[in-house]
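2 protein chains.
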Amino acid sequence: MLEKEMAVKGIISKGVRYVAGREKIKPETLSEKVAEGRAIILKHKNIYLGIGEGLKTKVNANIGTSPDIADVDSEIEKLKTACKYGADTVMDLSTGGNIDRIRNLVFERSPVPIGTVPIYQAAIESIEEKGALTRMEPDDLFRVIERHASSGVSFTTLHCGVTLRTLERLKKNPRKSMVVSRGGAFLISWMIGNGRENPLYESFDRVIEIAKKYDLVISLGDGMRPGGLADSTDISQIDELLTLGELTKIAWENNVQVIVEGPGHIPINEIPANVVLQKKICKGAPFYVLGPLSTDIAPGYDHITSAIGAAVAGWYGADYICYVTPSEHLSLPGTEDVIEGTIASKIAAHVADIGKGLAGSEDSDYRMDIARTKRAWQEQRKIAIDPGKFDAYYKQHKPSEKDVCTMCGKYCAIKTVERYLGTKVSIK
Amino acid sequence: MLEKEMAVKGIISKGVRYVAGREKIKPETLSEKVAEGRAIILKHKNIYLGIGEGLKTKVNANIGTSPDIADVDSEIEKLKTACKYGADTVMDLSTGGNIDRIRNLVFERSPVPIGTVPIYQAAIESIEEKGALTRMEPDDLFRVIERHASSGVSFTTLHCGVTLRTLERLKKNPRKSMVVSRGGAFLISWMIGNGRENPLYESFDRVIEIAKKYDLVISLGDGMRPGGLADSTDISQIDELLTLGELTKIAWENNVQVIVEGPGHIPINEIPANVVLQKKICKGAPFYVLGPLSTDIAPGYDHITSAIGAAVAGWYGADYICYVTPSEHLSLPGTEDVIEGTIASKIAAHVADIGKGLAGSEDSDYRMDIARTKRAWQEQRKIAIDPGKFDAYYKQHKPSEKDVCTMCGKYCAIKTVERYLGTKVSIK
Numbered sequence: 000m001l002e003k004e005m006a007v008k009g010i011i012s013k014g015v016r017y018v019a020g021r022e023k024i025k026p027e028t029l030s031e032k033v034a035e036g037r038a039i040i041l042k043h044k045n046i047y048l049g050i051g052e053g054l055k056t057k058v059n060a061n062i063g064t065s066p067d068i069a070d071v072d073s074e075i076e077k078l079k080t081a082c083k084y085g086a087d088t089v090m091d092l093s094t095g096g097n098i099d100r101i102r103n104l105v106f107e108r109s110p111v112p113i114g115t116v117p118i119y120q121a122a123i124e125s126i127e128e129k130g131a132l133t134r135m136e137p138d139d140l141f142r143v144i145e146r147h148a149s150s151g152v153s154f155t156t157l158h159c160g161v162t163l164r165t166l167e168r169l170k171k172n173p174r175k176s177m178v179v180s181r182g183g184a185f186l187i188s189w190m191i192g193n194g195r196e197n198p199l200y201e202s203f204d205r206v207i208e209i210a211k212k213y214d215l216v217i218s219l220g221d222g223m224r225p226g227g228l229a230d231s232t233d234i235s236q237i238d239e240l241l242t243l244g245e246l247t248k249i250a251w252e253n254n255v256q257v258i259v260e261g262p263g264h265i266p267i268n269e270i271p272a273n274v275v276l277q278k279k280i281c282k283g284a285p286f287y288v289l290g291p292l293s294t295d296i297a298p299g300y301d302h303i304t305s306a307i308g309a310a311v312a313g314w315y316g317a318d319y320i321c322y323v324t325p326s327e328h329l330s331l332p333g334t335e336d337v338i339e340g341t342i343a344s345k346i347a348a349h350v351a352d353i354g355k356g357l358a359g360s361e362d363s364d365y366r367m368d369i370a371r372t373k374r375a376w377q378e379q380r381k382i383a384i385d386p387g388k389f390d391a392y393y394k395q396h397k398p399s400e401k402d403v404c405t406m407c408g409k410y411c412a413i414k415t416v417e418r419y420l421g422t423k424v425s426i427k
Numbered sequence: 000m001l002e003k004e005m006a007v008k009g010i011i012s013k014g015v016r017y018v019a020g021r022e023k024i025k026p027e028t029l030s031e032k033v034a035e036g037r038a039i040i041l042k043h044k045n046i047y048l049g050i051g052e053g054l055k056t057k058v059n060a061n062i063g064t065s066p067d068i069a070d071v072d073s074e075i076e077k078l079k080t081a082c083k084y085g086a087d088t089v090m091d092l093s094t095g096g097n098i099d100r101i102r103n104l105v106f107e108r109s110p111v112p113i114g115t116v117p118i119y120q121a122a123i124e125s126i127e128e129k130g131a132l133t134r135m136e137p138d139d140l141f142r143v144i145e146r147h148a149s150s151g152v153s154f155t156t157l158h159c160g161v162t163l164r165t166l167e168r169l170k171k172n173p174r175k176s177m178v179v180s181r182g183g184a185f186l187i188s189w190m191i192g193n194g195r196e197n198p199l200y201e202s203f204d205r206v207i208e209i210a211k212k213y214d215l216v217i218s219l220g221d222g223m224r225p226g227g228l229a230d231s232t233d234i235s236q237i238d239e240l241l242t243l244g245e246l247t248k249i250a251w252e253n254n255v256q257v258i259v260e261g262p263g264h265i266p267i268n269e270i271p272a273n274v275v276l277q278k279k280i281c282k283g284a285p286f287y288v289l290g291p292l293s294t295d296i297a298p299g300y301d302h303i304t305s306a307i308g309a310a311v312a313g314w315y316g317a318d319y320i321c322y323v324t325p326s327e328h329l330s331l332p333g334t335e336d337v338i339e340g341t342i343a344s345k346i347a348a349h350v351a352d353i354g355k356g357l358a359g360s361e362d363s364d365y366r367m368d369i370a371r372t373k374r375a376w377q378e379q380r381k382i383a384i385d386p387g388k389f390d391a392y393y394k395q396h397k398p399s400e401k402d403v404c405t406m407c408g409k410y411c412a413i414k415t416v417e418r419y420l421g422t423k424v425s426i427k
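In order, the protein sequence lines correspond to chains P and V. Counting in numbering that gives the first Met the number 0, the first sequence runs from 0 upward without gaps. Counting in numbering that gives the first Met the number 0, the second sequence runs from 0 upward without gaps.
Simulated from the structure, these hints should not be mistaken for lab results. What you were told as hints is all true, and nothing was included just to trick you.
In silico lysine to aspartate or glutamate, DMTMM-like type, Cα no more than 25 Å apart, as pairs:
hint, chain 1, residue 1, chain 2, residue 2
1, P, 44, P, 31
2, P, 397, P, 378
3, V, 414, P, 196
4, P, 414, V, 127
5, V, 171, P, 362
6, P, 211, P, 245
7, P, 282, P, 52
8, P, 414, V, 136
9, P, 409, V, 124
10, P, 278, P, 35
11, P, 414, V, 139
12, P, 409, P, 390
13, V, 401, P, 70
14, V, 278, V, 35
15, V, 170, P, 417
16, P, 83, P, 107
17, V, 401, P, 124
18, V, 282, V, 22
19, V, 409, V, 378
20, P, 401, V, 124
21, V, 397, P, 335
22, P, 55, P, 362
23, V, 401, P, 127
24, V, 414, P, 139
25, V, 394, P, 72
26, V, 409, P, 128
Generate the whole structure from the sequences, applying the supplied hints.
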């Protein structure tokens, strides 16, 4: 029985029990959310991960080869690194080298659920084997989707909402950055080249069929996501979202679990409206945000521009954050970039959980506050999101008094007032 | 005539004209804001800087020695670095070595307005010369304030709102991190040790007198700012803010310009209320936020936790952001930390300007969007907040096609759709 079907029938599944235990909530509460589509359960080998309302905000790390850099070992290294620093899922977006082999290896080695974007491989195989993207047959695409599903990936991004109607709207309302989604770009090129509707939309029943067969979670991709602030929250973006809302309903009627992808590049003041709109149009389906980047002028620092956007989006209700690394817009990320990207997104997710008022989300902050007051450096190190970085800073200089740091030295504010006010902290 | 007095009398000052030109607004509009206290003008040698309503969000970088690390050359290096990366002001918070000499050197070398915290030096001189902080006389403190003002600093932080009443409230409502403000800690210790009121509050008329003599801008410090999320928006913090509101009014009656300092460590969902409250209680006086840090668990990454907080605070109306470097809570920052901290805060300030709807704030983003669509890499580099970082990423790998990057290589989305949709960008 499908995960969602069990929830709808009031059966507490193994996955729901597993996730509820991890999230410290009642299985019944989670099961209801899964039944309503407000939360989903990803299965990976014998573990489960929940995403959605009432659950901790999750982080995805993208890895994968590109045509120019196709080194399998370094992708496996990135996978391990992302997981070490706390990525909840990993998407293998490989577009170079032996894509099947890389995906299988990533699946095998990954401790977390894996997602993919099958259109990449379908398009590339068509270009390489048939000489042109436009020669791809819908059957080719569906075969690749099934190949991914059968190889154990937990979810796939499918840009089902890019329709001929959306394209008309895009042409009537041109953008500064027309289309920046790779999957969207492949599909749009195919649609224009062939004068045909998007097969993922036209034959959404075939998508559903595969999803049901493998209990594959569909991540409804946003091919029309804005690629710059200039295009944010525009007609094309919202037109696609409306279609994704309609498709969400169809998926749910078939007990297929859905997450909905969202922007992209959005000014901070438009982020709340974007979250409200997605949640409303897609009836509470989990929202998977790609950043969003809150400015376009900081290439090299887009882990920060997107941490700002993701924290705000999460605070307003986004459930799942795709990391952005410092190398975004400039080059394929390396291992160091994966660390920076993962940590920045984990920070944003944690800030979002606090903003959402998730029970217990501030516990680790409070423990840090107490450890700081006690000047208990080893305790601070343990609570720190990156103990290695903690050491690198704390140990680089030696303070003259043992219990302070070199920022203030003997004039440490906490130590100064302690003599006069005592430690009023309730230390457990 | 004092800057504020001229504005009140409807005289367009040289400073107002200078700042209005830089900010591309009408001098009359700015002069009105200065008259109302909603904006202030800092003077430094022959340049001016405006902070407040309707102006670009500004960034301050803290530099300065500590008792453990007192290397003048490295502080001058940090000053230069902060200014190179866009700091609008620099505060010299030196507490080690020859403080007067360092301040004078910083003033001499700085292209931007300088701020200081005189209580540091007054407290340290008392400890060193009289053997105890508590032996400091109010006269000693006021003499140091005047010494700073006369040496050309544009503004000083004065923790005038820490009163005996606030201390009573603090004792009744203990915190996890009692006091983390160094200036606040010195004053509180003095107050408890001597059983006397804070001289900066009790003799606020003397503060005003000095400020009027030198047209010194007072930054009303927040000695009771929360040092962790556990203590955010608590009774002690808000009690001090109320006092700062009262003192703001007195300063304005004397034509003294004021900015008000704010937290600190604040959960993202409490940031809007903090800004609204400050703006309301202090009648629109410019709000100078120290971060705020949106979580406590990421030492080593507090430039990111505070960029998130600062972007949200700025979006809601905060005017002036104090940077936080990755070394915060761990050690005195080095030059690399100054770069990271300054850039993260500049990003937050820019995101905030966009959020505030400041005219023209998205111009550079739009130019970047167009440059990306054109794959005009040199143009992107020029617009980038840090062209050096841009190069480091972009040039680390060579794409096989000249006009793309190695992220997507020949499958670049923009390039893919261009063949089918054309470039609909209006390129000037």
